[in-house]
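Protein chains: 2
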Amino acid sequence: MADANRQMVLERLPQGDKLGPQHFRLTESARPTAGEGEVLLRTRYISLDAANRAWMQGATYRSALESGQVMAGGALAEVVESNVGHLEPGDTVFADTGWQDYAVLPGKRLEKLPAMEPVTHLLSIYGVAGLTAYFGLLECGQPKAGETVVVSAAAGSVGSIVGQIAKLRGCRVVGVAGGAEKGRWLVDELGFDAVIDYKAGGLRQQFKEHAPEGIDVYFDNTGGEIFEACLFAMKTFGRIACCGAVSQYDGAAPPHGPRGIPGLIVTKRLTLRGFVVMDFDAQREAALKDLQAWVASGQIKVQEDIIDGLENTPAALIGLLAGENRGKRMVKVR
Amino acid sequence: MADANRQMVLERLPQGDKLGPQHFRLTESARPTAGEGEVLLRTRYISLDAANRAWMQGATYRSALESGQVMAGGALAEVVESNVGHLEPGDTVFADTGWQDYAVLPGKRLEKLPAMEPVTHLLSIYGVAGLTAYFGLLECGQPKAGETVVVSAAAGSVGSIVGQIAKLRGCRVVGVAGGAEKGRWLVDELGFDAVIDYKAGGLRQQFKEHAPEGIDVYFDNTGGEIFEACLFAMKTFGRIACCGAVSQYDGAAPPHGPRGIPGLIVTKRLTLRGFVVMDFDAQREAALKDLQAWVASGQIKVQEDIIDGLENTPAALIGLLAGENRGKRMVKVR
Numbered sequence: 001m002a003d004a005n006r007q008m009v010l011e012r013l014p015q016g017d018k019l020g021p022q023h024f025r026l027t028e029s030a031r032p033t034a035g036e037g038e039v040l041l042r043t044r045y046i047s048l049d050a051a052n053r054a055w056m057q058g059a060t061y062r063s064a065l066e067s068g069q070v071m072a073g074g075a076l077a078e079v080v081e082s083n084v085g086h087l088e089p090g091d092t093v094f095a096d097t098g099w100q101d102y103a104v105l106p107g108k109r110l111e112k113l114p115a116m117e118p119v120t121h122l123l124s125i126y127g128v129a130g131l132t133a134y135f136g137l138l139e140c141g142q143p144k145a146g147e148t149v150v151v152s153a154a155a156g157s158v159g160s161i162v163g164q165i166a167k168l169r170g171c172r173v174v175g176v177a178g179g180a181e182k183g184r185w186l187v188d189e190l191g192f193d194a195v196i197d198y199k200a201g202g203l204r205q206q207f208k209e210h211a212p213e214g215i216d217v218y219f220d221n222t223g224g225e226i227f228e229a230c231l232f233a234m235k236t237f238g239r240i241a242c243c244g245a246v247s248q249y250d251g252a253a254p255p256h257g258p259r260g261i262p263g264l265i266v267t268k269r270l271t272l273r274g275f276v277v278m279d280f281d282a283q284r285e286a287a288l289k290d291l292q293a294w295v296a297s298g299q300i301k302v303q304e305d306i307i308d309g310l311e312n313t314p315a316a317l318i319g320l321l322a323g324e325n326r327g328k329r330m331v332k333v334r
Numbered sequence: 001m002a003d004a005n006r007q008m009v010l011e012r013l014p015q016g017d018k019l020g021p022q023h024f025r026l027t028e029s030a031r032p033t034a035g036e037g038e039v040l041l042r043t044r045y046i047s048l049d050a051a052n053r054a055w056m057q058g059a060t061y062r063s064a065l066e067s068g069q070v071m072a073g074g075a076l077a078e079v080v081e082s083n084v085g086h087l088e089p090g091d092t093v094f095a096d097t098g099w100q101d102y103a104v105l106p107g108k109r110l111e112k113l114p115a116m117e118p119v120t121h122l123l124s125i126y127g128v129a130g131l132t133a134y135f136g137l138l139e140c141g142q143p144k145a146g147e148t149v150v151v152s153a154a155a156g157s158v159g160s161i162v163g164q165i166a167k168l169r170g171c172r173v174v175g176v177a178g179g180a181e182k183g184r185w186l187v188d189e190l191g192f193d194a195v196i197d198y199k200a201g202g203l204r205q206q207f208k209e210h211a212p213e214g215i216d217v218y219f220d221n222t223g224g225e226i227f228e229a230c231l232f233a234m235k236t237f238g239r240i241a242c243c244g245a246v247s248q249y250d251g252a253a254p255p256h257g258p259r260g261i262p263g264l265i266v267t268k269r270l271t272l273r274g275f276v277v278m279d280f281d282a283q284r285e286a287a288l289k290d291l292q293a294w295v296a297s298g299q300i301k302v303q304e305d306i307i308d309g310l311e312n313t314p315a316a317l318i319g320l321l322a323g324e325n326r327g328k329r330m331v332k333v334r
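Going down the list, the sequences are from chains A and B.
The first sequence begins at 1 in my numbering and counts up one residue at a time.
The second sequence begins at 1 in my numbering and counts up one residue at a time.
Subject to a maximum C-alpha distance of 20 Å in a straight line, what follows is the list of computed EDC-like cross-link-like pairs (lysine to aspartate or glutamate): (1) B/Lys235 with A/Asp279; (2) B/Lys112 with B/Asp96; (3) A/Lys167 with A/Asp188; (4) A/Lys235 with B/Asp279; (5) B/Lys112 with B/Glu285; (6) B/Lys332 with B/Glu304.
The hints are simulated quantities; they were obtained by calculation from the structure and are not laboratory data.
Could you put together the complete structure from these sequences and hints?
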C-alpha cells in the first residue's frame, strides 16, 4: 500500500514499570493530506532521547503523553506537500512528527534546514544533542581552563560532546559511563582524561581516585546515585548543569532525593542550574558556528548510532534507557 | 575574682542527638593577656546562630568544633588591651571570641566598628544577619517587582529582614514560620503578605493557597520538608537561595534529600545557589548603605531578642534551634 502510513502507537503508558515492547503497537492508517497552512512530511530519521521516556511520566516542558496516541518524538523529515510559502517539496526540516511514516503539521514554525552530508548530523551535533551539550556546559557550567569537568552518561549523545568541548576549553575531563568498553572508547577515541564505571560500584572511591582535587563542573544527565556522589565530590564554588535524570525516567519516581541537599549547596556554595536547549534559542546561530568549526577541524568527533526501521523504534528507545547506545541514537525510517 | 574569665566549654559534641544543656559546662580560668600583635577583648554581646550548631556536625566553611574547647561563636566585643596600631582600648569589634568573658586574638584581621546606638544593631541588621539577608535575596534570588518571594524561618534574624527587603522591592512576600502568633507578627508588624505555618501541616496545600501562581524566589533557611514543598511549588525559571538548613542541624544527618532533585530543577529550569555572607565582602559597604537608609526611613524594622548572662548561652542556642526566637537572638555578657 503505497499510501499507507505506519504508526507506532503508545498503546498504554507505563505505570511505574520499566518501558517494554508491550507498551507499543504498530498500526497503519491512510497517508494524510496537508490542509491550509500545513505541510505533509515524510519521516526520515527519528531522534531517540531519554526525554521520550520522561514525557510518559507527566508534564515536563511539554504536556504529558497519553495512551493511544502516536508516540511523540522529533525527527528529520522531508517535505512532501507544502501549503506554506517558505517550504517546498524536498526540503528537510526537524519536526515533531511522532513515530510514523508521515505527519501533517502546521508549516508556520518549521524552518528549512541547510543541505548537509551526512544529513544525520542535523540530529546529532547540529541538533538538540550538540546544542544541549554546548549551552549546558558553557552557559550553565562556565568551565575555566584547568578545571575538572565531570559528565555522566558520558558515552551518550550529549555527554560525548560535552566531554570534547570541555577538553577544547582546557579542562580535565572525567566521564561517568557503564562498562569498561565504553570507558576505553571515551579515553582512546574522544580524549577523555579518565572514566568512572558506575556499574563497577564504589562511586565515591572512584571519584577520589579520578578527581582527587574535586569537581569544578558537573554536567548531570542521570540524577540519582551518580548525582549524589558528584555532589559530595564538588569543590567550593562548583557548578552543576542539570540536563536530565535518565536514571529516574524508567520506573517509579524515586521516593527520595540525593543526600546533602541543601546542606552541601550552602557549605560548598554551589550553583545548580536546570536548563532545556530551547531556552538558548537566541544564541543558536553562534553556537552552530562554533560546533561546525570544531567538527571541520577534527576537534570534535561525531558519533552516531543508527538503527534501521520504524518497527524497531521501541527497542531502540528501550535500549537507550539501558545505556546500550554510543553517541546519538536514531532510527532510519527511509 | 575581678580577673576571672568565665568560659562556656563544649563539654562533648552531640552525636546525632539533640543539643542539650549536658553538652556544655561553665568553667573559669584566669583572664589572659595580649601578646605581640594581639588584642585582649571583653565580650559584650554573643551572637546566637543556627550555624553554631552546624559547626558541631563537621567541617563547613570553618573547621569542625571539638569537645573540650570553649564554644566558638562571634560576638561584639570591646578592646581592653591592644598591641596593634589600628585598635585602642574602648573600641568595638566583631570577633570570634567564643563564649567567654575575655578572649585574646590576633589584632590583624579585626576592624574597629563605628559607634552606634543601639550597639546591638552591629550584630543584627548591620551584622551577619542583615548582610546575609541582603546578599542572599538580592544576589542569589534576583527578585523582580511583582514576583512572589517565599522565605523560611521567616521570623528569624535573617528571614525577618529578607521579607522586608523583598517587600521594598515590590514583591509579594510569603513567610514560613511556626505558630499563629509569629505569623500574625510577620503580617501585622513587618508587612508580609501571608504566612504559612509549618507546624499546622499540609504544607503543599498551604502553598497552593498562599502562592497560587507559584514561587519565583525561595530563600531557604531550613532545608527538609519545607524545601521540598517549595521545590514543587516553584515557577519556571525560579531561583532558590540556599542559606542554611536549620531543620537538619540538630540531630542525625537526614538519610535522604528532598524528592524532585534533580528532575524538577531541569523541567522548571531552576537555579539553586548556595552562599555564605563573606563571599560578598567586596560589596559590603554598598549593602550597609542601603540597609542604613532603609532603617532610617522606617522601611525596615529591626527585631532583636536579647537574653542576659553568659550562663544562659546554651539555653539561648537550644531555644533558637527550636524556633523560639523572634528576630536576632543574642546574649548580653556585660
